[in-house]
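Peer 1: Chain D is already provided as a structure; the job is to place chains L, B and R on it using the hints.
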Amino acid sequence: MARLTEQPIDTEELLQQVRTPAAGAVVLFLGTVREFTRGEQTVALDYEGFAPMALAEMERIEAEARAKWELKELSVVHRLGHLELGEASVAVAVSSAHRAAAFEAGQFVIDELKVRVPIWKKENWADGRTEWVHP
Amino acid sequence: MARLTEQPIDTEELLQQVRTPAAGAVVLFLGTVREFTRGEQTVALDYEGFAPMALAEMERIEAEARAKWELKELSVVHRLGHLELGEASVAVAVSSAHRAAAFEAGQFVIDELKVRVPIWKKENWADGRTEWVHP
Amino acid sequence: MPAPDSIRPVPVDVQLFALAKELTGQALIQVAVTGEPVTIGSLRKSLVLQFPQLAPLEKRLLFAVGTQYATDDTVIDGRQSVACFPPVSGG
Amino acid sequence: MPAPDSIRPVPVDVQLFALAKELTGQALIQVAVTGEPVTIGSLRKSLVLQFPQLAPLEKRLLFAVGTQYATDDTVIDGRQSVACFPPVSGG
Numbered sequence: 001m002a003r004l005t006e007q008p009i010d011t012e013e014l015l016q017q018v019r020t021p022a023a024g025a026v027v028l029f030l031g032t033v034r035e036f037t038r039g040e041q042t043v044a045l046d047y048e049g050f051a052p053m054a055l056a057e058m059e060r061i062e063a064e065a066r067a068k069w070e071l072k073e074l075s076v077v078h079r080l081g082h083l084e085l086g087e088a089s090v091a092v093a094v095s096s097a098h099r100a101a102a103f104e105a106g107q108f109v110i111d112e113l114k115v116r117v118p119i120w121k122k123e124n125w126a127d128g129r130t131e132w133v134h135p
Numbered sequence: 136m137a138r139l140t141e142q143p144i145d146t147e148e149l150l151q152q153v154r155t156p157a158a159g160a161v162v163l164f165l166g167t168v169r170e171f172t173r174g175e176q177t178v179a180l181d182y183e184g185f186a187p188m189a190l191a192e193m194e195r196i197e198a199e200a201r202a203k204w205e206l207k208e209l210s211v212v213h214r215l216g217h218l219e220l221g222e223a224s225v226a227v228a229v230s231s232a233h234r235a236a237a238f239e240a241g242q243f244v245i246d247e248l249k250v251r252v253p254i255w256k257k258e259n260w261a262d263g264r265t266e267w268v269h270p
Numbered sequence: 271m272p273a274p275d276s277i278r279p280v281p282v283d284v285q286l287f288a289l290a291k292e293l294t295g296q297a298l299i300q301v302a303v304t305g306e307p308v309t310i311g312s313l314r315k316s317l318v319l320q321f322p323q324l325a326p327l328e329k330r331l332l333f334a335v336g337t338q339y340a341t342d343d344t345v346i347d348g349r350q351s352v353a354c355f356p357p358v359s360g361g
Numbered sequence: 362m363p364a365p366d367s368i369r370p371v372p373v374d375v376q377l378f379a380l381a382k383e384l385t386g387q388a389l390i391q392v393a394v395t396g397e398p399v400t401i402g403s404l405r406k407s408l409v410l411q412f413p414q415l416a417p418l419e420k421r422l423l424f425a426v427g428t429q430y431a432t433d434d435t436v437i438d439g440r441q442s443v444a445c446f447p448p449v450s451g452g
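Chains as they are written, first to last, in our numbering: chain D, 1 to 135; chain L, 136 to 270; chain B, 271 to 361; chain R, 362 to 452.
What the hints contain is simulated information worked out from the structure, not anything from laboratory work.
No residue lacks a Cβ here, since even glycine has one placed at the ideal position from N, Cα and C.
Be aware that one or more of the hints could be misleading.
[What the hints assert, rightly or not] Facing chain L, according to a computed beta carbon distance under 8 Å, are these residues of chain R, among others:
# : residue
1 : Phe-378
2 : Val-409
3 : Pro-413
4 : Phe-446
In isolation and in its complexed conformation, chain D is listed as follows:
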């Protein structure tokens, strides 16, 4: 399941979505707003997304992960809007019978999300500048 939200990501809810007696392993990944990037200090991030395509792309990544690994449940959510230091911008939760699949699929989903899903972040640097990040 893929979702976009402007609210703080509820990690407990996300874990409940993927935990099942059919699974022996759950992996949750959180991307969080880090204070320092190559020595520059951030105070906040703003995320903008092309919502319908972002959701479609997240669903395609989920389908690819389910085709590559035998997964029980997979849930991915990305937050949009204004995020303070330490808040989670993205969460991937995945469950599987055995742990290797959950780790590999979790890493695959976040790796693919970062290169394909049309979402952009704007840095709010501590010195007052703002800057769109375009790798």
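Peer 2: Quick look at chains L, B and R alone, frame taken from chain D:
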């Protein structure tokens, strides 16, 4: 930080322990009680541990992980006692600046825990038999 | 005598995001695209001629038709929903 | 004349866990170990002679001195805290 508990593992508390503005990535692994193992149905598990050595070994694994990867926080907790289907027997939470270290360290800790930490599980099969698991 | 189709520009509505939106100050622009057929590649060229603020991003701009990535070879007819944006940086 | 040290058995207290505890019905046993020096290897042999219920596990039993794994070469003197258990299965 390493801990043993007879209470349900509080995943939210564990995430709070490792989340920090110094980290851009958090990985949480949960091992959960799976219903079917090679076609055999489990109804519950009982975990026994040699507590002082289990804690010492978990702390040694944590120190090894911190030496191998640049981690911000690491917390590992194993539950002992009687666990029902779907409950978490073990949780590893790790945070780092970048995601590769969090994924690799999380997998390392659970892999090492499973081969080194003196804890044993007894299966309570659906047909009423109980059986100590010794790989 | 009307001009042949091949040289009559096709108006294409393009949604912009992130830095592309900021540089133009617009979330939705219309670009007159010339080409036979009209492709994402010809849209890319017309776009930076008509919105020179986007020229520094030209080669890195990504395009989508509907909710799918498109390549420079993708043919468009001006009726689809087209989006244009810089490399993504979510996560 | 007293027997030389090398053949006087050393009593070693051993904590048991999991299946080892279940098979003997005891969480703490005392094993009389012969050897010069007394090692975990000689404890392993004496253990299965005195507690034959453990013989099927003999080669797979793991030992710890204090809170550290020990090998068959580890020398013990009967005063340390020794633990014996089957391969672990936590996680």
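Peer 1: Compare the structure with each hint and give your call.
Peer 2: Comparing the hints with the structure gives:
no.: 1; hint: Phe-378; in the structure: holds, 5 Å
no.: 2; hint: Val-409; in the structure: violated, 16 Å
no.: 3; hint: Pro-413; in the structure: violated, 19 Å
no.: 4; hint: Phe-446; in the structure: holds, 6 Å
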